[in-house]
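> What follows is the residue order along each chain.
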Amino acid sequence: MIDFALTRHIFRQLTRGKRIWGLSLLSAIAGLSAWIAGTGRRAADAAENYHVIVTNAAGATLSIAMLVMGAAALRDERDGGTLSYLYLKPIARWRFASSAWAASVLAAGLAATVGWAVGWVAMGLTLGSWTLALPALAAYLAAAVGYTAIFVPVGYLVSRAVLIGLAYVFIWEAIITRLVAGLGATSIWRTALSIYADLTVLPEDALEALGTVTPSVIVGVVKLVVTVLLGTAVLTWTLKRRDAL
Amino acid sequence: MSNTVIYDRGYRSYGGVRKGQSSIRWAIARDGIRRVLGLRRKARRKIFPWTLLSIGLMMAVVVIGFHFAAGSIGGGFEESLPSYANLFDVYSWVSLLFIAITGPELLGPDRSQGVLNVYFSRPMRVTDYLGGKLLAFLVVAGAIYVVPQLLLHIGLAALSDQGFLGYLGSHLDILWKVPAVTLGFLALNGGVLAIISSYVDRTGIAAASYIGVLTAGGGLAGALAQAGFPGSRFLSLLALADHPRYVRDWIFDVDLLRYTPEVHGFAPWVSAVVIAVVAVGGGWWTVRRYRRLA
Amino acid sequence: MTATVETIGLSKWFGQKVAVSEVSLSFEPGVTGLLGPNGAGKTTLIRLLTGLQRPSQGTVKLLGVDPRQDHRVYRRVSMVPEDEAVYPRLTAREFVRLSADLARLPDRGRQVEEAIATVELIDDQDRTLQGFSKGMRQRAKVAAAIVGKPEVLILDEPLNGADPVQRAHLIDLFRRLGNEGHTVIVSSHVLFEVERMAGRVIAMVDGRLAAEGTVATLRAAMTDKPRLVRVKADEPRKLASLLLAADGIDGVRLDGTVIEVSTSDPTRLAHALPLTARAAGIRLREVRPADESLESVFRYLVGR
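Chains as they are written, first to last, in our numbering: chain A, 164 to 408; chain B, 44 to 337; chain C, -8 to 295.
These aren't lab readings, by the way, just hints derived from the structure by calculation. Incorrect hints may have been included.
[Unchecked claim] Label pairs and their computed distance ranges (CB to CB):
(1) Asp163(C) / Gly244(A): 22 to 32 Å
(2) Leu82(B) / Arg80(C): 35 to 45 Å
(3) Val105(B) / Arg95(C): 57 to 67 Å
(4) Pro166(B) / Gly244(A): 31 to 41 Å
(5) Gly209(B) / Gly203(A): 34 to 44 Å
(6) Gly308(B) / Ser379(A): 24 to 34 Å
(7) Leu288(A) / Gly324(B): 50 to 60 Å
(8) Gly324(B) / Glu104(C): 49 to 59 Å
(9) Arg167(C) / Arg84(B): 42 to 52 Å
(10) Glu105(C) / Ser97(B): 43 to 53 Å
(11) Arg84(B) / Ser292(A): 28 to 38 Å
Keep in mind that this is a model prediction, so the values were computed, not measured. Even for Gly, the Cβ is constructed at its ideal location relative to N, Cα and C.
From just these sequences and the hints, can you work out the full model?
Printed below as a string of structure tokens:
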């Protein structure tokens, strides 16, 4: 399915340097905020606070981190002039595409997990609850899967992929899908939240972030799988049909 | 005897008019404006900035449309419709994105393409270079705020019962309020962007970092300020994105939202001071950074 | 000999700009030099040959297959790009090893060591590429390309940045590979070095094929350009004035003690020169062609 050498190489390129730390920190902001905001509060309030902050704040900060990691996977190779070292190798284009995505989702998942772990440890230490934050991990990882599935091919195709990603998160997901009922299903963050919401009982304030999307692990997972398959198919087609340089 | 002489002209340095430092700054500003707006460049470089600018203008048209509809219906609804103050919020994410690309696009490419040495081999100081970039930033980023407001002003004047000139005459305060609020947004965002853009070469990453600092910083500041330890309220001042909007409410004498510094007992003039500190601090740090690079 | 690389009517345009136009070529085992001024289309041609870019028209066959349709051909093909870009944080050994891993070479460790030894980077193999000079990076790129000894090796300006010793070494390497039966295609601006390593030369100008062949046959084919021959003799002035009257001479120029004879008929000159000298009792010291070099061929082709 994937070429391990290629996946390992792209993963290493993504996780070398300061970028992985910066994106992990960005992913951790929601958990940190929840910890600080919940300190001194009743356990029930603090727990509710955690869910509200994760569903709302992480939609901005985590999304940025995930899309940057996705866009960078092949964009770095193109901009750095090193794509030919990978392209001119006996790797089937579909395998190339899935390897690039796999590397990206591993790197994004690493940043997301670190970010989630900050909140998990914070809730564990302050509330004594080591299970409260567990369902949120599903949302973090689902976001990693979904955003990288879209932005790895976008990063390959377009030099301004991160800017397009920011427009997707802050205009499409934050504004348009809220205004137009039915478009919520196209939001990766809401898909991630639908999985989260099905795994735990979210307070009303947190459920608002879901909009009209129904909580469901199965539907959420299916959507993500379809997104991954579509993203990989688009990238495969692009690798075959368009100029690499 | 022939009077014919062939002169050996040899190499001569330029002996014509030399313009001053202000022309250097203007040349850099002009290049920066073109770069950000994609002027004299391929069509695809224009898509992002002009789409965002168009959305801003459309928002102004939509608000004018609401006012027109309310005027037709009657019943005094106009008072509750968006106006100058809240137009800043109506397309706030669009303006944020626009500014997010402006700053990095002005500073990053010169470093990443390695042409900084070419610039500083000319008779140009770091302050001339950054002054030109600042001018470009003010013109371009200012446009996303000012142009829709100008359109709104003209639209409301055209719809007013007082007549066009009558409305303009009775709303002269708009002519200083909108630029003042715009300056507040530009000063704060510019200060933050200058620091980020002077370190991060790539436009997309710098933009993402800037948005991350504003959104994440705001959330964290709010949480930290509520923590309750001694002095924690001062951490509310780290909600940087709230300061220009708090000052906006102060200038327009409205109360649109509750801002984190406001919730923790700070007056709007404190926000104005914070904006000034961020702007001056960001500018100073950027000059320092570029003096090392030059 | 069977062609390993073939193009038929190959063209590539970018909007209004035609980078490569109707190029039909074949390459066989051995070293072929690809020449042309800046903007001639050499790099675009190389990218089309390797499948990095899709032809706007025409076909490319690399070892009998279209590289854009069959990725497996890359097991036997390698390229050194003109770009200086490498992975700055990788060591030379890691960079070559990456190439070997992606190509799924057997016995990778040994192949990597061999490739690094071939380009004489053993002492620096554990340093990161960031600290390498231009020439060393070029050698690292060549090592990454030759690991696994590909049947077809395409190099775009491989001698850039290399010092004279390194250049000589790399030229020997490419010649050796060509002699061993590999198809080596080298694009270069450095004409006398291409002359040293390439048996066959292809010249491109403005995206089109200007000429192909060996240097000598190309020169011989340039019938509309008179040949230049330099003659050193005991009495150059006397010989020069006698040659003016001889058959087959277009012009004579005296440059100090050297006579430059211009002729459209070298065979006649070869006959007339010794006879004229002998009849006048003049001793000939040296007779050699003055424009047989690739540079003069190239200048002629570009200037046409």
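> All the hints need checking, so say for each whether the structure fits it.
Hints and how they fare:
no., hint, verdict
1, Asp163(C) / Gly244(A): 22 to 32 Å, "holds (28 Å)"
2, Leu82(B) / Arg80(C): 35 to 45 Å, "holds (37 Å)"
3, Val105(B) / Arg95(C): 57 to 67 Å, "holds (59 Å)"
4, Pro166(B) / Gly244(A): 31 to 41 Å, "holds (34 Å)"
5, Gly209(B) / Gly203(A): 34 to 44 Å, "violated (57 Å)"
6, Gly308(B) / Ser379(A): 24 to 34 Å, "violated (44 Å)"
7, Leu288(A) / Gly324(B): 50 to 60 Å, "violated (35 Å)"
8, Gly324(B) / Glu104(C): 49 to 59 Å, "holds (54 Å)"
9, Arg167(C) / Arg84(B): 42 to 52 Å, "holds (48 Å)"
10, Glu105(C) / Ser97(B): 43 to 53 Å, "violated (60 Å)"
11, Arg84(B) / Ser292(A): 28 to 38 Å, "violated (55 Å)"
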